[in-house]
Amino acid sequence: MAVRKLGFIVRSLPYKTEASRLALTHAIASQTVEIYLEDGDSVEPAVCFIEDGVMNCLKSQQAMKHYGVTSLEQHIMNALLLDLKIMICREDVERLGLKEDQLVMDAEAIGGETRAQLVPYSEIQKVMEEADHLQFF
Amino acid sequence: MAVRKLGFIVRSLPYKTEASRLALTHAIASQTVEIYLEDGDSVEPAVCFIEDGVMNCLKSQQAMKHYGVTSLEQHIMNALLLDLKIMICREDVERLGLKEDQLVMDAEAIGGETRAQLVPYSEIQKVMEEADHLQFF
Amino acid sequence: MGKLTIGCFSSLVGSLSLDFAVKLADAAVKKGHRVDLWVSGNATMLSKKGQKAFKDYSHLAKTLTELFATGNFQATACEACAEARGYHKDDTMEGFKRHSMDWYLASCFSADRVLLIGGD
Amino acid sequence: MGKLTIGCFSSLVGSLSLDFAVKLADAAVKKGHRVDLWVSGNATMLSKKGQKAFKDYSHLAKTLTELFATGNFQATACEACAEARGYHKDDTMEGFKRHSMDWYLASCFSADRVLLIGGD
Amino acid sequence: MNLGVFVSAYRAAEETIGRLRAEKLGIIFVGNGIYYATTRENGRPSPLLEKSANFYALLEDLESRGFSSADLDGRVKPVTYSDVVDLIFSDYEKIIWI
Amino acid sequence: MNLGVFVSAYRAAEETIGRLRAEKLGIIFVGNGIYYATTRENGRPSPLLEKSANFYALLEDLESRGFSSADLDGRVKPVTYSDVVDLIFSDYEKIIWI
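So the sequences go chain by chain: A, B, C, D, E and F.
Mapping the first sequence onto this note's numbering, position 51 (from 1) lands on 51, and the numbers just tick up by one.
Mapping the second sequence onto this note's numbering, position 34 (from 1) lands on 34, and the numbers just tick up by one.
Mapping the third sequence onto this note's numbering, position 20 (from 1) lands on 20, and the numbers just tick up by one.
Mapping the fourth sequence onto this note's numbering, position 88 (from 1) lands on 88, and the numbers just tick up by one.
Mapping the fifth sequence onto this note's numbering, position 26 (from 1) lands on 26, and the numbers just tick up by one.
Mapping the sixth sequence onto this note's numbering, position 60 (from 1) lands on 60, and the numbers just tick up by one.
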């Protein structure tokens, strides 16, 4: 019985590359990984948004309306619905002039209970230290 | 009988994207465009390297040896062999700590006579003003 | 009414630059202009037939088909760029042409406006 | 001797990041390690069969074939990412597998080292 | 020169734009370029907006990223794809994408 | 934390690297990251090299771009793909690519 912690650190803006989208879809895939593992083994992802990557967390993204593409907002809500750990760097949010009420902090609209956490960078550093493997997007 | 001047302005580094390579191959295609045009009509390209794009012009690129890929140096020599106008921004070369003898200034090795020109940005601005269409890479 | 030539190098999914090119072409054709779209480099992915529509990915095939039907729009893929990626003639979406790069320069020659979308 | 899992999102031609991934895999296998390569996003282009070798483009098919033959290397493409780009099962290079993203996480689970090459 | 510039990426356009000289200059923020028009990093709007130019931002790209016209710096005018077609054919003779 | 960082792009790594804290930090310049190790913009080496870390640059990528080991800043050691495999398995437990 083992758990492997994976840190998914997103520092890139949405929509210009697929990176942030792939970070979320790969993290969500942790929910179905058991079919490949032995009983009791699991993978535990944490998704952290830092630097310009915090822009992925804005509410009211209308990418589906304009481009027929699922928004990053929707992906973050899906991740919260599945109780994934989502952390957003507070210093970067403040530096970029954003307020907490502009961010996707929960998935209540689709019945989710887990909330995203707005945290100082030092908390994200801890996630990085505790992770078995780290991946930057 | 008409000539259309096209300005190809390269500001991106080599190898990370295909942009600078495509700038040169598209400019070189001006040599065969006549099959699509009326007698006497032609397209006249000028290729200008600015900002980090001047790094495309370094000599001794061993991309073929290590990655099996034609180097940008070779593409620039091919363009000079076909007498294309190649300009390199002097201010950017100096800012990045490069010297003229590090740059591909001619294609003598393959029998070319036309030389690249190391010019102040103001000369490249003139090329931009004289071009019918501009394209940044 | 004028002619716009758009060149694009960006990959199919992710950057939305190809989406921009196709949406701009659509808006221009709707206003009575003619548009030539040239795809080179990774943008030749646009010419691949059989792209499956997913909600996570932009899906441009439908708009292209409508644009081809207007008669005021052509799309051409760089032949060598496509072959290097394993896209052969019979992999190509209906309506899409394949030529070498001089086709693009000829299109620029007769264009009123040229927009080259470089980068990824 | 250990196991290295490499994930890559970069497109086939241009960035040289896929070249890096394949060359690193090759060097690691030569030193006796095992390597899993996962390609997702635009990197699924690597799995397309029939890529023509041009001097202007990196051509990785040959190295991959040699790596598959060692028995210490697997390469798997994200199935949905491939389908979205019009790459179906019979478009896939011999030796390349196709799975969903959980395959990659399982590979990370048992890896000694993981290197994710994101970006274009 | 009468030049329209599409700015499609954030944090990579300052140097190029800073040097460009044109009698009439239009800057159209598209894609991730829209952050130049919405974001006040450390409380300050982007220095790019001090350039003497007409500024536009593509509404579809603003809204896709979670912004609206109300978030735009006062110097920037929202435009649609249809408006962009008119800018290209009527206002700017040369157009580039950076 | 014992961390190896592949820096693959020029002009986009400063912020990320500046913040990273690790007991043992290795920075491996690959791809266009090598310009950090070769280029003295305005006569000065990159401030990135002042970080307390071990620095490496991939020789194949240096030479592909027209540089050689002689062009490297004195703090940076040239390595081959084969060396990189050893750095990954022997020197750094976690590795990231930016």
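Keep in mind that a hint or two might mislead.
As the list claims (entries may be wrong) - Pairs of lysine-lysine, BS3-like flavour, derived with a Cα cap of 27 Å:
id, chain 1, residue 1, chain 2, residue 2
1, C, K49, A, K65
2, C, K52, D, K23
3, C, K31, A, K65
4, C, K49, D, K52
5, C, K89, A, K65
To be verified - Per the computed footprint, the stretches of chain D lying under chain C, defined by three or more beta-carbons under 8 Å from a beta-carbon of chain C, are:
id, stretch
6, 6-18
7, 73-80
To be verified - The calculated label-pair distances, taken between Cβ atoms and stated as ranges, are:
id, chain 1, residue 1, chain 2, residue 2, range
8, A, M1, F, R19, 49 to 59 Å
9, B, E34, E, K77, 41 to 51 Å
10, C, G32, D, K49, 35 to 45 Å
11, E, K77, D, G2, 51 to 61 Å
12, D, K97, E, R40, 39 to 49 Å
13, A, E94, B, S42, 33 to 43 Å
14, A, E94, D, K97, 43 to 53 Å
15, B, E38, C, G32, 37 to 47 Å
16, B, G97, D, T70, 28 to 38 Å
17, B, Q31, E, S68, 47 to 57 Å
18, E, G43, A, K65, 30 to 40 Å
19, D, G2, B, L82, 29 to 39 Å
20, B, E34, A, Q31, 51 to 61 Å
21, B, S42, C, K30, 46 to 56 Å
In short, the hints are calculated from the structure, not lab data.
Predicted model only: the values in this text are computed from it and were never measured.
Glycine is no exception: its CB is placed at the ideal position from the N, C-alpha and C atoms.
Are E34(B) and Q31(A) spaced within 51 to 61 Å by their CB atoms? For E34(B) and Q31(A) the Cβ distance comes to about 60 Å; the hint holds.
Taking 27 Å as the top limit, are the C-alpha atoms of K49(C) and K65(A) close enough? 25 Å, holds
Going straight from one Cα to the other, do K89(C) and K65(A) come out at no more than 27 Å? The hint is violated at about 34 Å.
Do the beta carbons of E94(A) and S42(B) sit within 33 to 43 Å of each other? Hint violated: Cβ distance 57 Å, outside 33 to 43 Å.
Lying within 30 to 40 Å: is that true of the beta-carbon distance G43(E) to K65(A)? 31 Å, holds
Per the hint of 49 to 59 Å, is the separation of the Cβ atoms of M1(A) and R19(F) within bounds? With a Cβ separation near 35 Å, M1(A) and R19(F) fall outside 49 to 59 Å, so the hint is violated.
Counting residues of the stretch 6-18 of chain D whose CB is closer than 8 Å to a CB in chain C, do you get three or more? holds (count 5)
E38(B) and G32(C), beta-carbon distance inside 37 to 47 Å? 26 Å, violated
Lying within 29 to 39 Å: is that true of the beta-carbon distance G2(D) to L82(B)? 51 Å, violated
That 28 to 38 Å hint for G97(B) and T70(D) (C-beta), does it hold up? 43 Å, violated
Assessment of proposed distance window 35 to 45 Å (beta carbons of G32(C), K49(D)): 43 Å, holds
Outcome, coverage of the stretch 73-80 of chain D by chain C - at least 3 residues whose beta-carbon is closer than 8 Å to one in that chain: violated (count 1)
In this structure, the hints that do not hold are numbers 2, 5, 7, 8, 13, 15, 16, 19 and 21, in rising order.
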